[in-house]
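Asks: So the sequences go chain by chain: U and V. Each residue of the first sequence is one higher than the last, beginning at 1 in the numbering used here. Each residue of the second sequence is one higher than the last, beginning at 1001 in the numbering used here.
Think of the hints as simulated: they come from the structure by calculation, not from any bench. Possibly wrong hints are sitting among the right ones.
Some chain V residues close to chain U (C-beta under 10 Å, calculated; not the full set) [unchecked claim]:
id, residue
1, A1009
2, E1014
3, L1016
4, A1023
5, F1067
Sample of chain V residues at the chain U side, in silico, Cβ under 7 Å [said to hold, decoys possible]:
id, residue
6, F1017
7, P1021
8, I1022
9, F1027
10, T1028
11, L1032
12, R1034
13, R1036
14, L1046
15, L1095
16, V1097
Keep in mind it's a predicted model, so treat the numbers as computed, not measured. Glycine included, every Cβ here is placed at the ideal spot set by N, Cα and C.
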Amino acid sequence: MAIHGTRLITLSTTTPEPPDHALVARVVAANDALAFGELVRRHQSRVRNFLRHLSGDHATADDLAQDTFLHAWDKLSTYSARGSFIGWLLRVAYTTFLQSRRRAKRYAQILRAAGDDAHAASQGYTRSDDEAPDLDRLLAALTEEEQAIFIMAYACGLSHREIGSAMLMPIGTVKSVIYRGKQKIRTQFDIKDHQHG
Amino acid sequence: MADRERSAADRRLEALFESAPIADDGFTDRVLRRVRRRIWVRRLVLPVAAAIGGALAYEPAMALLRFISRLEVGIPQELRTMPVSLLSSATIAALSVVLLLAVALALRMLDEF
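Okay, chain V solo, but in the shape it has when bound:
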């Protein structure tokens, strides 16, 4: 008896929730478009970020290498008086990293839309 009552209640609820299947109406195509865009963005993000980061970091990296190559003798003395040009290079390098992250973030946001 209790089972019969329960199944009747279930039938009533199923009838209440019943609705016709929702037509696709281009829904799948819209999802696939976003998926394909996401695939492309993922493929592009690393090479683009590497290219931008490399271009920005090239000059400070070269300056750093030149500075290191000059440190053959007298390391303590050189370290105590760091050249101003190297300090600006370090700033540029830091900015490059920030820009790199910003580009990656922007591409990620594009990916979301």
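With the rest of the complex left out, here is chain U:
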């Protein structure tokens, strides 16, 4: 009995999990919702983390993350296994974020035109400089594109190559954006080199 138990445990622990591209192939070929569920389970943390940093609001980020995975479901056939799946997924997340922000801005403009300034001010993802935690203040010093790249690099742990494929830019550009962003942070927060190290 004990041997059987051990064997079962050994088998279950050594069975390799199917790689992302194999799951994607199953979804594309047969609309396999379970395979897609496995992809969501694997990557939800990084996608939500990325959107939480980008939007600065957990509830909004989680709604956007759901939309991201739905868009991913629709566009999964366009994923080529050449790049990493998480890189592709974060590109979908970033596009979803930008579209949502554009919609929020348009809605705020309509509200302003209608004279409803109080509601208009509450639309969109704006970070307040005084009350925001350190990280949000730091991100506020960067452009939107720089923010996305910084979050991918430092919060999601993506390589420069993965960021390049996610943002559709060459690796050299990714590196220079990161360098420029660091310079901005140093200048903005008056950080000397020895303080930063």
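Using the hints, position chain V against chain U.
Replies: Structure of chain V alone, referenced to chain U:
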């Protein structure tokens, strides 16, 4: 030296961005529920739209067929004086198309929610 400084800055930034992995807490199930709903809506949208469109377009289509079957002789004369009943049928057909599009749009919106 420059490399050491850069990596130290990177480490500092990584520490600043560091956070515990976000627990699933039913997130995956919520996404899958929406995906399954989307699959069902997609499966239903074409047959439902075809059934509604067919039901609405049946009568005007029949009237049109009857009118065409009467056009055996004297086509120019018939065309010059179009029957009023056919005009109303054409209106109904146009309305059917609009309704068909509205149903498809409503199902698409349901799909989004």
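Asks: Using Cβ atoms only, decide whether V/R1034 comes closer than 7 Å to chain U, and label the hint accordingly.
Replies: Interface hint status for V/R1034: holds (6 Å vs cutoff 7 Å).
Asks: Once the shortest beta carbon distance from V/F1027 to chain U is found, is it less than 7 Å?
Replies: Hint on V/F1027: holds, closest Cβ of chain U at ~5 Å, below 7 Å.
Asks: Is the hint on V/A1023 kept, meaning its closest Cβ partner in chain U is under 10 Å away?
Replies: holds (8 Å)
Asks: For the hint on V/T1028, just tell me whether its beta-carbon gets within less than 7 Å of chain U.
Replies: holds (5 Å)
Asks: With a cut-off of 7 Å, does the beta carbon of V/F1017 approach a beta carbon of chain U closely enough for the hint to hold?
Replies: Holds: closest Cβ of chain U sits about 4 Å from V/F1017, inside 7 Å.
Asks: Is the interface hint for V/E1014 satisfied, with its Cβ closer than 10 Å to some Cβ of chain U?
Replies: It holds, given that the least Cβ distance between V/E1014 and chain U is near 5 Å, below 10 Å.
Asks: Grab the minimum C-beta distance from V/I1022 to chain U and call the hint holds if it beats 7 Å, violated otherwise.
Replies: holds (4 Å)
Asks: For the hint on V/L1016, does the least C-beta distance to chain U fall short of 10 Å?
Replies: Check passed: Cβ of V/L1016 comes within 6 Å of chain U, closer than 10 Å.
Asks: Should the hint that V/P1021 touches chain U count as held when the rule is a Cβ pair under 7 Å?
Replies: holds (4 Å)
Asks: Under 10 Å, Cβ to Cβ, is where V/A1009 needs to be relative to chain U, so tell me if that hint holds or is violated.
Replies: Hint holds; V/A1009 Cβ to chain U Cβ min 5 Å, cut 10 Å.
Asks: Is the shortest C-beta separation between V/F1067 and chain U less than 10 Å?
Replies: violated (44 Å)
Asks: Identify whether the interface hint at V/R1036 stands, where standing means a beta carbon of chain U within less than 7 Å of its own.
Replies: holds (6 Å)
The structure fails hints 5, 14, 15 and 16 (numbered hints given earlier, in ascending order).
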